[in-house]
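Colleague: Please construct the entire structure, taking both the sequences and the accompanying hints into account.
Which chain is which? The protein sequence lines are A and B, in order.
Here the first sequence stands for residues 46 to 300, where the numbers follow the numbering used here.
Here the second sequence stands for residues 46 to 300, where the numbers follow the numbering used here.
Treat the hints with care, as some may be off.
Calculated lysine to aspartate or glutamate pairs in the EDC-like style (CA-CA distance at most 16 Å, straight line) [unchecked claim]: (1) Lys192/A with Asp234/B; (2) Lys111/B with Asp264/A; (3) Lys203/B with Glu276/A; (4) Lys203/A with Glu48/B; (5) Lys63/B with Glu48/B.
Now the stretches of chain A that chain B is said to cover, found in silico as 3 or more residues with beta-carbon under 8 Å [unchecked claim]: (6) 72 to 83; (7) 166 to 175.
In short, the hints are calculated from the structure, not lab data.
On a predicted model such as this, the values are computed, not experimentally measured, just so you know.
Glycine included, every Cβ here is placed at the ideal spot set by N, Cα and C.
Protein chains: 2
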Amino acid sequence: MIEIVLLGSGNVATHLFKAFSAAEGLRVKQVYNHSENSLDFFRSKTEVTTDINELAPADVYLLALKDDVIPEISKKLTQQKALVVHTSGSVSIDALDNCLRRGVFYPLQTFSKDREVNYCSIPFCLEANNSEDLGLLKKLAEKISGKSYEISSEQRKKLHLSAVFVCNFVNHLYAVGEQICQKSEIPFDILKPLILETASKVQHASPAGVQTGPAIRNDRSTINAHLQLLEASQENREIYNILTSAIQTFHGKKL
Amino acid sequence: MIEIVLLGSGNVATHLFKAFSAAEGLRVKQVYNHSENSLDFFRSKTEVTTDINELAPADVYLLALKDDVIPEISKKLTQQKALVVHTSGSVSIDALDNCLRRGVFYPLQTFSKDREVNYCSIPFCLEANNSEDLGLLKKLAEKISGKSYEISSEQRKKLHLSAVFVCNFVNHLYAVGEQICQKSEIPFDILKPLILETASKVQHASPAGVQTGPAIRNDRSTINAHLQLLEASQENREIYNILTSAIQTFHGKKL
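Modeller: Below, the structure written as structure tokens:
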């Protein structure tokens, strides 16, 4: 039985809590948050506390907190024997106080409060300072997910940066597509199968190998027609220009 | 029985040929292409020709050709009684000679030669000059797909532009993510579930409503750290800057 104290109550904390609760061989003994209200969801399901000095003993203290409070909270845990891990993509393991047994347990996924997540397909990026602690985190990940990877803090920074490109920036391009459709009274539904197919394609092929469109063909007449259609939005024109140019540079087609 | 002559032998022609062949109540009577070699795939399956003056009579002539040859080829069909349609996202119906019964049959999907496509989920964008011809195209689309939409040439231009954002540009962002991973010896596999979830999310929610990441949070310390990691690639820095700024403008968070 792995016993966990969860610190935090946001999207990541909530999703991890659900996954831990549904798995065998795990128990969330307690959830901590500094504010009383945000603990409502957890109150009926496990012990809760707003006092950092009253944390229950456990195997793992899991800090699913905002990046900037991780160092400060970790300093308050220096008397603890548990393995203290954070769940952030962009914070180094060194943000945790070095008196601690410390580690990272970063689920690489986009979480929304209203949307259920299939944990079997979430990769966990793990880091610890010794093989025993890494083993504990691996066991924890295995119990709720199929996959885990050992990723150093340096690599994790790069991974998080990549995730911004393939998730946050991609989502904004979806939003631009939706905006263009709305302005011409075209149902956004028409684009949905294309969005899904574009993401599905790169599950089995390298994205660089399946690039299509006017940029890689250097189809100037289509590119110019598109830029004209975008005349009203300087922001979207800039996105169009820089991405067209980037595709051509990437594929050595710059003329 | 709807009889079709297919003009072209590229990705779109090949995929449509397969879909038509598998459907009931349709028959591809003939495939035309100007070059003999490119007809090899079709030769054992139906009649083929390289002579535009020897097209078989049919209900629909389907021009799955490069955008710029559509007007020229359509001029050679002016004696024909068939409904002549092209499959291009960015070409107006008016590119087809106005002596013709003309229309557009545009499958909004990304086609690769090696990848099978599930036609049930492809939306067809249809256009014709009268309701009878539109009805014929609807019937054709229904036989191979669940969905068709009546879309004018003006709307289709905008739709094609949107498709460049949500497919071609998105795929390049995947390629950038892959590149960043490769440089740090991180398996790109880690990002694949995130890519799929990001696309799945917007099947049921507006992308503008589910934007996440450092840009929308205006998390300057993460943004600055990312820009520093991108120092070696001016192109990727520019993409990062313009998309971060666009997300903030879009969501009214520009500071």
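Colleague: A separate judgement is required for each hint: does it hold in the structure or not?
Modeller: Hints, verified against the model:
1. Lys192/A with Asp234/B: Roughly 10 Å between the alpha carbons, so the hint for Lys192/A and Asp234/B holds.
2. Lys111/B with Asp264/A: holds (11 Å)
3. Lys203/B with Glu276/A: This hinted pair holds, its Cα atoms lying about 12 Å apart.
4. Lys203/A with Glu48/B: violated (54 Å)
5. Lys63/B with Glu48/B: holds (15 Å)
6. 72 to 83: That given contact is violated, which follows from only 0 residues of the region 72 to 83 of chain A lying within Cβ reach (below 8 Å) of chain B.
7. 166 to 175: holds (count 4)
Taken one by one, the earlier hints fail for this structure at numbers 4, 6, listed in ascending order.
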